[in-house]
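Student: As given, the protein sequences belong to chains F and U, one line each in that order.
The numbering used here puts the first residue of the first sequence at 3, with every later residue one more than the last.
The numbering used here puts the first residue of the second sequence at 9, with every later residue one more than the last.
To be clear, the hints were calculated from the coordinates, so they are not data collected in a lab.
Remember, it's a predicted structure, so these values are computed and weren't measured experimentally.
Be a bit skeptical, because a hint or two may be false.
[To be verified] Within a straight-line C-alpha distance of at most 20 Å, the following computed SDA-like cross-link-like pairs (lysine to any residue) qualify:
{"id": "1", "chain 1": "F", "residue 1": "Lys8", "chain 2": "U", "residue 2": "Ile127"}
{"id": "2", "chain 1": "F", "residue 1": "Lys8", "chain 2": "U", "residue 2": "Thr47"}
{"id": "3", "chain 1": "U", "residue 1": "Lys91", "chain 2": "F", "residue 2": "Arg81"}
{"id": "4", "chain 1": "F", "residue 1": "Lys136", "chain 2": "F", "residue 2": "Asn102"}
{"id": "5", "chain 1": "F", "residue 1": "Lys109", "chain 2": "F", "residue 2": "Lys136"}
[Stated by the list, open to error] Derived contacts from chain U toward chain F, CB cut-off under 8 Å, selection only:
{"id": "6", "residue": "Leu36"}
{"id": "7", "residue": "Phe82"}
{"id": "8", "residue": "Glu92"}
{"id": "9", "residue": "Arg97"}
{"id": "10", "residue": "Pro98"}
{"id": "11", "residue": "Arg156"}
{"id": "12", "residue": "Ile159"}
Heads up, the beta-carbon is just placed ideally off N, CA and C, and yes, glycines get one too.
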Amino acid sequence: MPIEAKFAIIAGLVLLVSVVGLIWRARTGRSKQIAGGEIIDLIEIGATKNGQPVTKFGERVTFLQFSSEMCSQCKQTARLFHELEQHTPDVLHIEVDITNRLDLASKFNILQTPTTLVLDHNGRITSRIGGAAKPETIQDELGSFHI
Amino acid sequence: MSESTSTPAGIDPRGPRFGAVITSVLLLITVFLGLDAATADAAFVLLAVITASFAWGATQGTAKHPYGLIFKKFVRPRLAAPKELEDPRPPKFAQVIGFVVAGIGLVLGAFDNTVGLTIFAGMAFVAAFLNAAFNYCLGCQIYLGLKRIGIIKHG
Numbered sequence: 003m004p005i006e007a008k009f010a011i012i013a014g015l016v017l018l019v020s021v022v023g024l025i026w027r028a029r030t031g032r033s034k035q036i037a038g039g040e041i042i043d044l045i046e047i048g049a050t051k052n053g054q055p056v057t058k059f060g061e062r063v064t065f066l067q068f069s070s071e072m073c074s075q076c077k078q079t080a081r082l083f084h085e086l087e088q089h090t091p092d093v094l095h096i097e098v099d100i101t102n103r104l105d106l107a108s109k110f111n112i113l114q115t116p117t118t119l120v121l122d123h124n125g126r127i128t129s130r131i132g133g134a135a136k137p138e139t140i141q142d143e144l145g146s147f148h149i
Numbered sequence: 009m010s011e012s013t014s015t016p017a018g019i020d021p022r023g024p025r026f027g028a029v030i031t032s033v034l035l036l037i038t039v040f041l042g043l044d045a046a047t048a049d050a051a052f053v054l055l056a057v058i059t060a061s062f063a064w065g066a067t068q069g070t071a072k073h074p075y076g077l078i079f080k081k082f083v084r085p086r087l088a089a090p091k092e093l094e095d096p097r098p099p100k101f102a103q104v105i106g107f108v109v110a111g112i113g114l115v116l117g118a119f120d121n122t123v124g125l126t127i128f129a130g131m132a133f134v135a136a137f138l139n140a141a142f143n144y145c146l147g148c149q150i151y152l153g154l155k156r157i158g159i160i161k162h163g
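Chain U extracted, bound-state conformation (with noise of 0.2 Å):
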C-alpha cells in the first residue's frame, strides 16, 4: 500500500459503526433463512447482497460506502460532534475480511452447502456485532497475526 507512509483523513468513528449494525442486523436474518432449507434461497441473495457490500466498502472505505453516506446525511448531524477523528484504513481492512468471510460462505452457497454458507454467515455476524455493540473491530484485531503468519505480504 503506497498510502502507508502518511495517514489520510480521519473519518468520524461512529460511521463504520453504523454501517455494522445494518450489516450484523442483515447477517443474523441471512442466518435465520439459512436455517431452514426451504429459505435457504433467501439466504443466498441475501449474503450476496452483504458481500457486495462489503466489496463496496473494502475498495472504497467506509466513508464513501452507501452506510456511511446514510450517516453523513441522515445521522451525524443529529450527533455532537466526535472526540477525535479515526484512521479510515483498519475499519477499511475490516470490510476486507468481511468479504472474504462471506464470499466463502457465498461460494459454499452456491455448490448448494447451506450448513457451510449459513456457518461463514454466522462468523460475519460475530465480528459485524462486536464492531456494532462493543466497537470491538476483530478486523484489525487479527491483522498483525494475519502479517505474522505471512498471509498478508505487503506493508
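The following block holds chain F by itself, in its conformation from the complex (with noise of 0.2 Å):
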C-alpha cells in the first residue's frame, strides 16, 4: 500500500472518530420532550434518599436519576441536582442505582447511565435527558416548570 494511501486512512480514522465525538458531545446531556409519560411509581422504583423511602415527589418537579456502578459521569450529575434542590424550592432529586435493577432498564429502555426522567408534581414523566445533564438543560426544565 502506498504510504500516501495509509497516511489518508490513518487521517480518515481519526478524522471520523473526532466527528462522532463531536456529534456526541452536542447531543448528550440534552431533554427530549415525552408526551403522554406515564405516572412514576415510587414503590416499584425503590426509591430511597438518605437511607429513607421516598414517598412524595417534588412539589413542582422531580428529576430522578438513574444511575449504575460504573458510571464515569453519575457522581457528578447527582451533585449537580443535589446543589440544586438545596437553592431551588419544591425541587426533588431522587437518584436510584440500576446495576441490579435490569427490570427497571428494560422498563424504561436505558440503555445509558446517567439517564434522568423529568417528573412533573404527580410523578409523570415529562421528559428524559440521556448522559450527564447540561446545566442549560437543567435550567430549562426549571423554565418549563415556572421555576
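Put the two chains together into one complex, using the hints given.
Tutor: Here's what the structure looks like:
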C-alpha cells in the first residue's frame, strides 16, 4: 500500500472518530420531551433518599436519576442536582442505582447511565435526559415548570 | 464483585484520560503498521504490548498502572486540584473492554490475519480516542447494555 494511502486512512479514521465525538458531545445531556408519559411508582422503583423511602414527589418537579456502578458521569450529575435541590424550593432529586435492577432498565429502556427522567408534581414523566445533564438543560427544564 | 456495596476512594479523573492519550497514539501507530504486510510483525508486537497494558489496568486499576503512576508523579503536580474525584471502577472496567478488543485483534494476528488485527486495533483506538479527546467512556457506556443482554452476570 502506498504511504499516501496509509496516511489517508489514518487521517480518515481520526477525522471520523472526531466527528462522532463532536456529535456525541452536542447531543449528550440534552432533554427530550415525552408526550403522555407514564406516572412513576415510587415503590416499584425502590426510591430512597438518605436511607429513607421516598413517598412524595417534588412540589413542582422531580429529577429521577438512574445510575449504575460503572458510570463515569453519575457522581457529578448527582452533585449538580443535589446543589440545585439545596438552593431551589419545590425541587426533588432522586437517584436510583439500576445495576441490579435490570427490570427497570428494560422498562424505561435505559441504555446509558446517567439517564434522568423529569417528573411533574404528579410523578408523570415529562422529559428525559440521556447522559450527564448539561446545566443549561436543567435551567430549561426548570423554566418549563416556571421555576 | 464484592466491593459493589461500598464506593472505593476516588481518583483524579484526568489520570485515566492521560493514559488514554498514550494508548490511543499507540493504537493509531498499530493501525498504521497493520496496513502494510511488510510491517505486520511490528503491528503484532505493538498490539501485544498494548494488550498487556490493558491487562494491567483491568486487574490493578488505572491508578496503579504505569501510565497512572507517570501521571501522578510528573503531570498531576503541575495541574490544579481536580474539581472532584472519580470512582476508579468505571475506568477499570473500560480497561477490561480494551483488553478484550485488543486481545481479539492479537489472536487474529497470531493466525496471520493482519486485516483482523488492524480492524480490532482500530476499534480499540475509537474507544481510547473518544476517552482521550472527549472524556467519553465508551466502555462505561456499554456496561448497562452488556448486563441487559446477559453478557455480564455479576453485580
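Student: It remains to establish, for every hint, whether it holds in the given structure.
Tutor: Right, here's what the structure says about each hint:
1. Pair hint Lys8/F plus Ile127/U holds up; C-alpha atoms about 14 Å apart against a cutoff of 20 Å.
2. Between Lys8/F and Thr47/U, the direct Cα distance comes to roughly 12 Å. Compliance with the 20 Å bound is thereby established for this hinted pair.
3. A threshold of 20 Å between alpha carbons decides the hint, and for Lys91/U with Arg81/F the separation of about 12 Å falls inside it, so the pair holds.
4. For the given pair, Lys136/F sits about 27 Å from Asn102/F by alpha-carbon distance, which is inconsistent with the 20 Å threshold.
5. In summary, the hint linking Lys109/F to Lys136/F is not supported, as the alpha carbons are separated by about 25 Å, beyond the 20 Å threshold.
6. Using the Cβ-Cβ criterion of 8 Å, the hint placing Leu36/U at the interface with chain F is satisfied: the shortest such distance is roughly 6 Å.
7. Annotation: interface hint on Phe82/U violated; nearest CB of chain F at approximately 24 Å, more than 8 Å.
8. Below 8 Å, beta-carbon pairs count as interface contacts, and Glu92/U has one with chain F at about 6 Å; its hint therefore holds.
9. The closest approach between the C-beta of Arg97/U and any C-beta of chain F is roughly 6 Å, which is under the 8 Å cut-off, so the hint is satisfied.
10. Because the beta carbon of Pro98/U sits about 4 Å from the nearest beta carbon in chain F, less than 8 Å, this interface hint is met.
11. Given hint, Arg156/U at the interface with chain F, holds; its Cβ is 6 Å from that chain's nearest Cβ, closer than 8 Å.
12. Given hint, Ile159/U at the interface with chain F, is violated; its Cβ is 12 Å from that chain's nearest Cβ, farther than 8 Å.
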